[in-house]
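Chemist: Top line first, the protein sequences correspond to chains R and S. Counted the way my numbering counts, the first sequence spans residues 1 to 349. Counted the way my numbering counts, the second sequence spans residues 1 to 349.
These are computed hints drawn from the structure, not numbers from a lab. Just so it is clear, CB atoms sit at the ideal spot from N, CA and C, and this is done for glycine as well. Among the hints, a few may not be true.
Which bits of chain R does chain S cover? Going by a derived footprint, with three or more residues having C-beta under 8 Å, they are [to be verified]:
(1) 195 to 204
(2) 213 to 220
(3) 225 to 235
(4) 242 to 256
(5) 310 to 324
Taking beta-carbon pairs under 7 Å as the criterion, some of the chain R residues facing chain S (in silico) [to be verified]:
(6) Leu259
(7) Gln262
(8) Val295
(9) Val298
(10) Arg301
(11) Thr303
(12) Ala304
(13) Pro305
There are 2 protein chains.
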Amino acid sequence: MEKADLLRTVEWKNNAVIMIDQTKLPNELVLVTYTDYNQIASAIRNLVVRGAPAIGVSGAFGLALAALQSNAGTKEELIGDLEAAKKTLFETRPTAVNLAWGLEQIMNVAKKGTTVSQIKNSIIDTAKQMADDDIKINMTMGKNGSVLFDDKDTIMTHCNAGALATVAYGTALGVIRATRESGKNIKVIATETRPVQQGSRLTAFELKHDGIDVSLIPDTAVGYTMANGLVNKVVVGADRILRTGHVFNKIGTYQVALLAKQHGIPFYIAAPLSTFDLKSNPQDVVIEQRNASEVTQVGDRKTAPDGINVINPAFDMTPPELISGIITEAGVARPPYEESIKKLFQANK
Amino acid sequence: MEKADLLRTVEWKNNAVIMIDQTKLPNELVLVTYTDYNQIASAIRNLVVRGAPAIGVSGAFGLALAALQSNAGTKEELIGDLEAAKKTLFETRPTAVNLAWGLEQIMNVAKKGTTVSQIKNSIIDTAKQMADDDIKINMTMGKNGSVLFDDKDTIMTHCNAGALATVAYGTALGVIRATRESGKNIKVIATETRPVQQGSRLTAFELKHDGIDVSLIPDTAVGYTMANGLVNKVVVGADRILRTGHVFNKIGTYQVALLAKQHGIPFYIAAPLSTFDLKSNPQDVVIEQRNASEVTQVGDRKTAPDGINVINPAFDMTPPELISGIITEAGVARPPYEESIKKLFQANK
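All chains, full assembly: derive it from the sequences and hints.
Modeler: See below:
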């Protein structure tokens with residue numbers, strides 16, 4: 001695949017940031033160009049860009065724009081301008097770990113710099129490097145995972161762990177892309193992923209864009225497709241992986257995993273090492289509840305009566321016994337996970 | 001519960017048919033009044049009324065209106081008018097078994113009659129009796145099922161097996177109503193039931209109307225709620241039950257049943273004896289595929305790209321080993337089902 005063909009979520013070009021406006025998907029593929037860090041802050045706030053890795057890099061690019069916008073004459077003045085921009089960018093999604101991480105990386109580079117023009121240049125270089133690294137990690141992960149899939153496989157995926165959640169290429173969809181690039185002829189079944197429909201809006205869009213055969217199903221048809229022999233393997237992303245191999249991911253992942261186990265279908269996770277949380281225990285992880293309106297309406301259309309209760313958890317937990325392997329840029333961890341995850345991190349040091 | 005409080009899907013009153021317009025739910029509870037059988041045909045065609053038992057009775061009421069509309073002077077002329085109306089009504093949903101059955105019941109009454117006025121009266125009486133019988137069966141089923149549920153239970157249900165799928169009271173929701181009426185304090189979790197959203201549009205509406213505590217979840221959160229101890233029991237309806245205890249019901253039922261088994265949660269079916277198909281084997285039952293647009297859009301809002309494949313089965317099959325009991329008007333069948341179902345039918349003769 002040529003680099004020009006990549007679905008690139010966020011990119012630095014001619015001193016500007018170019019993003020896919022994800023609020024317009026799947027109906028239109030619109031690129032937006034930003035030259036002011038305040039525009040980046042709005043874009044993150046309004047979900048023009050989403051997905052933890054994509055937001056981390058977008059924050060770094062925001063600071064790079066702030067550096068270019070600055071009229072500072074001294075290093076101290078420039079740091080002051082950057083601190084103000086960092087505050088604005090951080091407050092858009094204060095709980096996103098990757099955003100804080102991306103902003104901090106850039107501030108460290110600025111503080112280590114000497115002259116104003118040298119600092120501006122190294123900020124831009126660092127932000128571009130962060131974006132390139134994200135793609136490289138995904139491509140390595142994809143290669144590591146591609147050996148697990150066979151010619152003529154139909155692969156199910158849930159939610160969007162794709163190019164649109166990263167800078168490009170994706171995690172779970174990166175593995176699917178790499179499998180296809182390795183010459184294997186594969187098909188994909190994408191679950192709709194209610195309530196926010198990342199499966200139909202983003203995954204189906206991405207795969208169709210890449211010319212990969214994709215079938216959309218409602219979340220209620222996971223069992224039917226597996227029971228009827230229509231699925232060979234499953235691969236999904238992850239939001240947090242514990243040292244025990246417990247995986248927190250988009251709501252619905254657990255039931256896909258249980259159904260896969262019941263039907264003898266291998267179930268894989270694809271996520272970079274930065275997704276691992278080696279300290280927490282399963283009971284420590286708080287699963288956030290999201291707005292009821294995501295479930296009671298679709299867009300502006302009301303689909304439930306007023307005055308009822310709604311349970312709308314963002315994530316669920318898949319226990320390690322349902323997981324066949326965890327694909328990372330450092331290799332594939334296999335059960336028992338306490339051991340294999342430790343080894344992955346040792347090998348990556 | 002007073003009869004006036006019943007959510008009545010279809011009713012005969014003052015020589016007219018009154019229906020709840022289900023296309024307006026959950027946003028408005030609108031009653032429509034029909035005095036012409038052609039209006040009944042349109043209502044069935046346009047899903048103002050849906051659900052197999054409700055449609056069967058609606059067809060019978062349609063023929064009762066046709067009898068009142070007829071200017072026939074002889075029995076033969078009246079039968080001719082009824083045959084014409086029957087054709088119009090039948091063609092609205094030619095595959096619905098209950099519609100054909102409802103129309104046939106009325107034609108038999110007409111053919112056995114003597115004078116025009118006597119036939120008109122017995123048609124109206126028979127149609128009203130069919131509606132009353134539907135409610136009685138549901139209430140008996142409800143009582144039979146209510147003993148299986150405990151005070152403070154939270155009961156999950158899928159799709160709408162409620163008043164709105166029958167004349168009134170419902171099958172699975174009839175059991176829930178009867179449990180509440182027996183003095184037990186219960187709560188309900190309703191799954192959204194994509195793609196057509198009968199759970200959020202109809203079940204949540206019905207239960208809220210009856211003052212029963214209802215929480216709506218996306219179909220992706222079934223596993224989460226069960227794994228987190230939020231569900232004590234499950235009850236759903238059925239579209240077809242085989243002599244082996246294999247149950248065909250709305251897509252998504254199978255995965256709810258598997259998750260219930262995994263978490264030790266009793267899983268019940270509630271359906272009248274007329275739902276049983278004692279002849280077919282599991283592999284004989286063809287599961288219809290519905291329109292792709294149900295999955296790729298919600299109302300007029302497009303939620304998926306053009307040009308992708310869609311798998312949209314209307315039903316799935318739940319095997320008997322996942323089912324704790326089948327609640328009918330003749331009693332509750334327990335495993336092994338080949339035996340217990342046979343006994344139910346023998347007892348009901």
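Chemist: Taking 8 Å as the C-beta cutoff, is the stated coverage of the region 242 to 256 of chain R by chain S satisfied by three or more residues?
Modeler: That given contact holds, which follows from 5 residues of the region 242 to 256 of chain R lying within Cβ reach (below 8 Å) of chain S.
Chemist: How about R:Val295: closest beta carbon in chain S under 7 Å, or not?
Modeler: Hint holds; R:Val295 Cβ to chain S Cβ min 5 Å, cut 7 Å.
Chemist: Under 8 Å between beta-carbons, do enough residues of the region 310 to 324 of chain R, three at least, approach chain S for the coverage claim to hold?
Modeler: holds (count 6)
Chemist: Do the numbers back the hint for R:Ala304, that is, is its least Cβ distance to chain S under 7 Å?
Modeler: At 4 Å from the nearest chain S Cβ, R:Ala304 passes the 7 Å test, so the hint holds.
Chemist: Quick check: the region 195 to 204 of chain R, covered by chain S? Criterion 3+ residues, Cβ under 8 Å.
Modeler: That given contact holds, which follows from 5 residues of the region 195 to 204 of chain R lying within Cβ reach (below 8 Å) of chain S.
Chemist: Does the closest beta carbon of chain S sit nearer than 7 Å to the beta carbon of R:Gln262?
Modeler: 6 Å, holds
Chemist: Given R:Leu259 was flagged as interface, is its beta-carbon under 7 Å from a beta-carbon of chain S?
Modeler: Result: holds, 6 Å to nearest chain S Cβ.
Chemist: Checking C-beta pairs, does the region 225 to 235 of chain R have three or more residues closer than 8 Å to chain S?
Modeler: As far as the region 225 to 235 of chain R goes, the hint holds, because 3 residues have Cβ atoms under 8 Å from chain S.
Chemist: Should the hint that R:Pro305 touches chain S count as held when the rule is a Cβ pair under 7 Å?
Modeler: 4 Å, holds
Chemist: For the region 213 to 220 of chain R, does the count of residues with a C-beta closer than 8 Å to a C-beta of chain S reach 3?
Modeler: Three-residue rule met by the region 213 to 220 of chain R, so holds; n is 8.
Chemist: So, R:Thr303 near chain S? Judge it on the closest CB pair being under 7 Å.
Modeler: It holds, given that the least Cβ distance between R:Thr303 and chain S is near 5 Å, below 7 Å.
Chemist: Closer than 7 Å between Cβ atoms is the bar; does R:Val298 clear it against chain S? Give me holds or violated.
Modeler: 4 Å, holds
Violated hints for the displayed structure: none, as all numbered hints are satisfied.
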